[in-house]
Amino acid sequence: MSAEALIVTRVERRHPWRNVRLLIVAAVIVATVGFLVFSAMGSSMAYFQTVGELRAADRDLTGEPLRIGGGVLPGSVEQELGTELRFTITDGTDTLPVVYDGVVPDIFSEDVQVVAEGRIGPDGVLVADTLLAKCPSRFEAEDSATG
Amino acid sequence: MAYLGHAALLLALALSIFGAGLCIVGERRRIHELSVAGVRAVLGVTFLIVVASAILLTAFFVHDFSFEYVAGRSGTDMPLRYVITAFYGGQEGSLLFWALISGVLASVAFSRNRSRFPRIVPYAAATFLVLQSFFLFMLTFVASPFDISAVTPAEGRGLNPLLRDPGMLIHPPLLLAGYASFSVPFAIAAGALFSGRMSLEWLRFVRKWALIAWAILGAGIFLGGWWAYRVLGWGGYWGWDPVENVSLLPWLTATAFIHSILVQERRGMLKVWNVGLLLASYVLAIFGTFVVRSGLIQSIHSFAISLVGPYFLGFLVAVTLLSVGLIGWRLSMLQSENTFDAVLSRESGFLLNNLVFVGIAFATFWGTIYPVVSEALSGERLTVGPPFYNQVNGPLFLVLLVLMGIGPLLAWRRSTVDAVARVARLPLLFAVVTIIAILVLFGQPKAAAGAAAAVFAIGAVFVEYWRGAQLRRKNAGDSWLTAFATLARRDPRRYGGYVVHLGVAVIAIGIVGSTFFKSERQVVLSPGESVNIAEYTLTYDRLGETQQADARVVTAYINVESGGRDRGGMEAKRFFYRDFESQPTTQVAVNTVGFDDVYVMLTDWNDASAASLHIFVNPLVPWVWVGGLIYLVGMVVVFWPAPVPQRAAVRSTVPEGRERYGSAAT
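So the sequence lines, in the order shown, correspond to chains X and D.
If you're matching positions, the first sequence starts at 1 in our numbering and goes up one per residue.
If you're matching positions, the second sequence starts at 148 in our numbering and goes up one per residue.
Please keep in mind that the hints were generated in silico from the structure rather than gathered at the bench.
Don't take every hint at face value.
So the derived label-pair ranges between C-beta atoms look like this [said to hold, decoys possible]: (1) X:Pro122 with D:Leu227: 50 to 58 Å; (2) X:Ala31 with D:Leu151: 57 to 65 Å; (3) X:Gly52 with D:Ala154: 42 to 50 Å.
Glycine included, every Cβ here is placed at the ideal spot set by N, Cα and C.
Construct the complete structure from the given sequences, taking the supplied hints into account.
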């Protein structure tokens, strides 16, 4: 006899959720998840834009949390040992100066794609508190050279 | 050689489609021989994939740069171990690796269980072969690792330096293998739904393979954290990056599954939920691969964005529709046989744990895809960062830890508060002491809550072991040691599971410590200068430069002292690999002193040998790694073959003490 011969026959339909108290506890958990998601969204949302989109925006985004993606403009990188890093981020047309004081990723260099998170100050410079550099592609050799 | 590899894959594709057809026709027409042949086709397909993999691996060994794939990611001066890494280091190779792993696992699963499940396995094999056909199609027509370049280069381009790390030898293959291995439980579940045979024995079959997939994926994620900590140099092991998130999703749903399946086994409940979780785990594994490969979401690890994306999207949609359709079609077979009797019961505990796991998965999924959703809805791309995940998932993981402690102490069907309080007394006491101690010493309520929950869970594991051992000592007169060993041998699932719980709680303590008590400093030092951080004094000695076969290495030599004692030297390095000079890679120096990790990264230096150092003191990070090891030990216990007589008993009937209520088992 094969093990599958134990087919479960149709059982009279009983609703597994009849327990009201359990339903309440489950509802509390679901509501908690919903509330946590909702409240955390408000406090950690940031606009993700390219420099061009930033320039084209209708509203003034000075002081808003931003996440700007683009390439590092060749020749724009300035950093003395132990000082903050200054460079310009570009999408090919528009540019945005960035200042950053923190761990510079290994692969940060000219022409690399980066994502800078921070706020634009009154002087129009993005003060970044996070700088991420994108691996050209993590598992590939430098493909950008050959496409 | 390349043609041979290509031919093997084409043949595998043809055999795959043919085998699926055989299975289906064999089952529909009740021709047993056809079904058997169809299931055997899984072995044939896997054999051909093994042949193709062997050819590719050989090409790497002999540095055959006529293969575009080999030339693109290896070089003659690379150490052998990284030449092997390069096998799965690219799109094409990783697809081949996926097909290889899922093929081997499916071959074992189906050939060992065909006679036990003569109706389910053919359908499972058919489902699997269809899934495999997709990968074989990709490997032959879209992304072939056997493409030949017109001109054979004299030297390969070498592997991306970030991947030249021992952690990379095992992390990507384990993660990929984890994703790939979910195709086996998926196929088994689909086979059961197609054939309409969902017995108790089938549950054990599918659970075993889900557990294997879950264990592999978990190990892959864990090693990813270890690699990131040692190589990326930002002082952490988990950054809530989209690529990390999508690997966590199937792990979360699978973790929920391996818990809630126990409720189905025991009480015949939650059937739709369970099969839904299992199918969703595979769908999420495909989703993860799609997100990673398509560039849909901005991530710091954007892999080669390629033609593969749209194909994976199509596959994702097809697999999702299949899953939903199958469940909808078989809904009448998935009725619950029981109801929840009480809130305070083991099954309710499992249900709540499931809701929290799925809640975490939902929040993580939502945060990850939010840029896409918000752009579609409002035209503005909004993203959420790590704070979002910490705020949402932090409290939810806390609830899970508490449930992990209470759950095993609850009785099936109905428990009383008194009974639970009696066994939970000691763990609860420890938890309260922990809370008070941390509040008094550090004044950090969040850290206190996290640590207390972990301590409670650890206490509960010990209580469970102690109770079991006590019983054995009384009944069988065993010594303590024999009692413990027998427990794990007699019920490896349960007691191995508790070891896993212990590992998770230890990891949680490590996470609490390194999240809330981290110190960080960025300094520029000249040789001979010192810096203080936490209770440590670091003295920068000198800068050195050496040359190795494939790279130039710059090393900062640092000495650590604390409490007036020398804690040893540290070497923070930067590697400049040949052909990748613009992309120096870091080798972080980590010095574990007691429970603290002193973690130094060399960020920059000048001609006068002054070095810019980024220094972290990460308390309790070693606990994370130790917890991971305990977790692995737990997995070994779970999978340790049960003693022979026990196994015979399991085969013939429902095992002792696992009687099932309300099922019409014959």
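Quick rundown of the hints versus the structure:
1. X:Pro122 with D:Leu227: 50 to 58 Å: holds, 57 Å
2. X:Ala31 with D:Leu151: 57 to 65 Å: At roughly 60 Å between Cβ atoms, D:Leu151 and X:Ala31 fall inside 57 to 65 Å, so the hint holds.
3. X:Gly52 with D:Ala154: 42 to 50 Å: Hint holds: Cβ distance 48 Å, inside 42 to 50 Å.
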